[in-house]
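Line by line, the protein sequences give chains A and B.
Our numbering numbers the first residue of the first sequence as 1 and each following residue consecutively.
Our numbering numbers the first residue of the second sequence as 225 and each following residue consecutively.
Just so you know, the hints here were simulated from the structure itself, not pulled from any lab data.
Among the hints, a few may not be true.
In silico lysine-lysine, DSSO-like type, Cα no more than 27 Å apart, as pairs [said to hold, decoys possible]:
hint, chain 1, residue 1, chain 2, residue 2
1, A, Lys169, B, Lys405
2, B, Lys454, A, Lys208
3, A, Lys177, A, Lys208
4, B, Lys422, B, Lys454
5, B, Lys395, B, Lys422
6, A, Lys177, A, Lys219
7, B, Lys248, B, Lys300
8, B, Lys248, A, Lys219
9, B, Lys395, B, Lys300
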Amino acid sequence: MRKLGCIRFAAIAQKALRNKQSGAIRGTSLPRTSREPLEQVSSETELRASDAALMARMVQRDEAALEALYDRYAGLLSSVLNRILRDTQAAEEILQDIFYQLWRTASQFDASRGSLPGWLMVIARNRAISRLRHHNPAAGEELFENTLVLLPMSLESAITQKELMGRVKGAMEALPKEQRAAVELAYFEGLTHSEIAERTGDPLGTVKTRLRTALETLKRAMHP
Amino acid sequence: MNGHPTREEDFDLYALGALEGDEKAAIGNHVATCSSCAEKLAEARGRLALLALAVPAVTPSPSVTTRLMNQVRSEKQGATRAPAVSPVPDTTGGLFGRWWAAVLVPVGFALALASFVLWTQNRRLDQQLAVLHEDMQREQQQLQSAREVADLINARDTMIVPLAPQPGMPKGSAHVMYNAKMGMLMYEGQLEPNPANKSYQLWIVPTQGNPISAGVFNAASTETDHFLMKLPPGIAPKAFAVTLEPAGGRPAPTGPMVLVGAAS
Chain A
1 MRKLGCIRFA AIAQKALRNK QSGAIRGTSL PRTSREPLEQ VSSETELRAS
51 DAALMARMVQ RDEAALEALY DRYAGLLSSV LNRILRDTQA AEEILQDIFY
101 QLWRTASQFD ASRGSLPGWL MVIARNRAIS RLRHHNPAAG EELFENTLVL
151 LPMSLESAIT QKELMGRVKG AMEALPKEQR AAVELAYFEG LTHSEIAERT
201 GDPLGTVKTR LRTALETLKR AMHP
Chain B
225 MNGHPTREED FDLYALGALE GDEKAAIGNH VATCSSCAEK LAEARGRLAL
275 LALAVPAVTP SPSVTTRLMN QVRSEKQGAT RAPAVSPVPD TTGGLFGRWW
325 AAVLVPVGFA LALASFVLWT QNRRLDQQLA VLHEDMQREQ QQLQSAREVA
375 DLINARDTMI VPLAPQPGMP KGSAHVMYNA KMGMLMYEGQ LEPNPANKSY
425 QLWIVPTQGN PISAGVFNAA STETDHFLMK LPPGIAPKAF AVTLEPAGGR
475 PAPTGPMVLV GAAS
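Isolated chain B (complex conformation) (with noise of 0.2 Å):
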């Protein structure tokens, strides 16, 4: 090929792998050579790879974080591992310098040190065993919460509402995904950090009745806030708001509104 592909899909088509012999080769060499069409093809790849959203989604399992950590971990250690233990000296010299001190006291040491060493391995067992035993919990905990937060995300009548800032309030921007049939909300969003004295507090505007509190959280600097709520199913929500309050939140809206955005 001499100048550039004649049209865009190609570099989608080369990016797939779908392209073969000559055709592969051409544009392969070019975008060696032309920037431009790197680039082209840097983005053909992009769009390529968001084709695996489109697939159902898989929670991994909780042990691979652990067998990760783990390989982690211990390519550290093997890095800064100290030298191994030295032997055991040598007692035979014979204290008492009769012949069976100088088989007993030896005997008797060896076993001191066996049974120091078995009481350490073990007590070092029963650590590992708890620590197991606390991961084991934790990594069930995790992947509960993790199956449900997948549910949420990819069931389809799940709502995404962008909250708006109000004028003259702290800036910043948020959305909420809500889903009033399984009761559970996930909250995302930029605030500036609220005075030491107030806290930022989310809430459900029900179609019929108050408003309800799904969260009070504090806002930190430059960083995005989230949080996962459980809430009773079947809240049908008319819009969304979040209010600035006294620290730790009140169970009705005091506060002025700062973000908010209605439910379509």
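This is chain A alone, in the form it adopts within the complex (with noise of 0.2 Å):
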């Protein structure tokens, strides 16, 4: 749980939460270990559908499947959403539209052609880029069009959310801070090339050497 999310980690409390609440899960006495009495925040087991089956639910208008899924993604496109537009608001009013975007579009949805998390992380970066340059936000803005994503591992388990954190911090902290400011502003900010050299003032070949040299790094580092 997320997102984590952390995406689906705001999934995980709330459902852990809802599982208190309606007694299904139990939790045990810890033995007198401490003077202070153990709070359980939860103790019942969760039931997970994988996103192709929630999709699939979503197909036949089941409400709970749309907020399993943004309970496990929401956390993560939150984070990049702020990130990029610095306006919680604003990343809000993103948030919500992709979601409701993808209850009204589900049965366009392919597994066969991409990963789901990898689609909505691509269209949150890709429309928050865009309302932050003053684009039209509508423009080319089909949720399931025709860009197929391939992430390299599934997001669906909060574990493997935690490890690619850490290990894709640590790759950018890793950078030479010229190589991390480059990548920064073409991710976070949408600038090209030759925007990157103007906003720094360094020569465009050595902007595309550094950007270039920090993927590589960053590839071999996210998959080593």
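The two chains are supplied separately, each in an independent frame; assemble them into the complex guided by the hints.
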């Protein structure tokens, strides 16, 4: 639970809480190893379906499936939207819009053509950058457009997300300062080579080399 | 571009949106007709999407969920909305055949109808208020829990311990995410369904002292089980284990060890 997402993380907590409220799960009293009473946030099993199964249920207009996917990935999307826009209200508007569009176009989803969280993250970044740069956010923004996105691993597990998060953060922090800045300007502000050169005052060739080297390094770090 | 892009990073640069002009157009045109390069571009998009994981976690406000679900329900109701209520029938026909009756009867009827409508509306508003109040309390609880989980996941001293299956025991695998300072533990795993009269129980084996129960759960087939536990802070773990216990669990482990993992 990510989203933990922290994406699905909120989901985990929410569902754990629901489980607790419903009494479906039971925790056991701990031995008196501490004077502090144990507070059990939750202790019941949470059932979780795959993304594809939840999308299939959404096609049948199952609201719970939408909530489950929201719980799983909203945190991830919220993080990147807020990083790009630095505006909570705008980020939440786009977040709501993406999930509403997911609900309306669920029948167009084809799991064989890519990963759902990959799609969601790509579309979230595109929309945030469009908004940031005052482009028309509706232009070419079909959710399941012909954009194939293949993630190297599933993000359905909170543990995977946590491990990956550490790896990606570590890889970004390990980049030389100038390379990291170039990646951030491209990824979070949507700048091209020449726009980065203009922004930083560095020669275009230098910017190209920095970005290319940084992407090579990140690729190796994320797929050792 | 007549051939494939010469360097793998070209796909990353294209997916990133850093390329411009001829470079951008060449790759865009090429991948439209080359399936192997289209797949490389898809992989590049996936790799770059993961950079989103490097940013600080921001939990969305619970109000977004509320607005989203209201939007969805409005859409569904809109699709099945019943026709508007019929207008009130004209009753001015004069029940007693006198002029005042012709006035008072419809007025009285209108007042009664208005009272009924107002009473109904008031009742509905009370119900909506109660639901909103309940939603607000639930959202506050959810937000608090979500923050705790996000803190656990983002804390640098949170450990992740894989739990491995033991020979001859039900098959499965799991991970435990644990932060001793925060006293928070999250379990995520898949196990074969437990017998009806048994339950699985997770234990922290501390470096000193007896195992401490960290939750009792029943496994459902093919599903991943998750739960979050708050424990007294400061328990230094030597290992984590899942045992099969009588239904409801036990204060100390009595059953066979199904999964185990050493804390490093």
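These are the hints, each one checked on the structure:
1. A:Lys169 / B:Lys405: Given that 27 Å is the threshold and the Cα spacing comes to 22 Å, the pair holds.
2. B:Lys454 / A:Lys208: Distance ~49 Å between Lys454 of chain B and Lys208 of chain A Cα, so the pair is violated.
3. A:Lys177 / A:Lys208: holds, 15 Å
4. B:Lys422 / B:Lys454: Given pair Lys422 of chain B, Lys454 of chain B holds - Cα atoms ~24 Å apart, limit 27 Å.
5. B:Lys395 / B:Lys422: Since the Cα atoms of Lys395 of chain B and Lys422 of chain B sit roughly 16 Å apart, the hinted pair holds (cutoff 27 Å).
6. A:Lys177 / A:Lys219: With a Cα-Cα distance of about 17 Å, the restraint between Lys177 of chain A and Lys219 of chain A holds, given a limit of 27 Å.
7. B:Lys248 / B:Lys300: Between Lys248 of chain B and Lys300 of chain B the Cα gap is close to 43 Å, so the pair fails against 27 Å, i.e. violated.
8. B:Lys248 / A:Lys219: The hint holds at about 21 Å.
9. B:Lys395 / B:Lys300: violated, 43 Å
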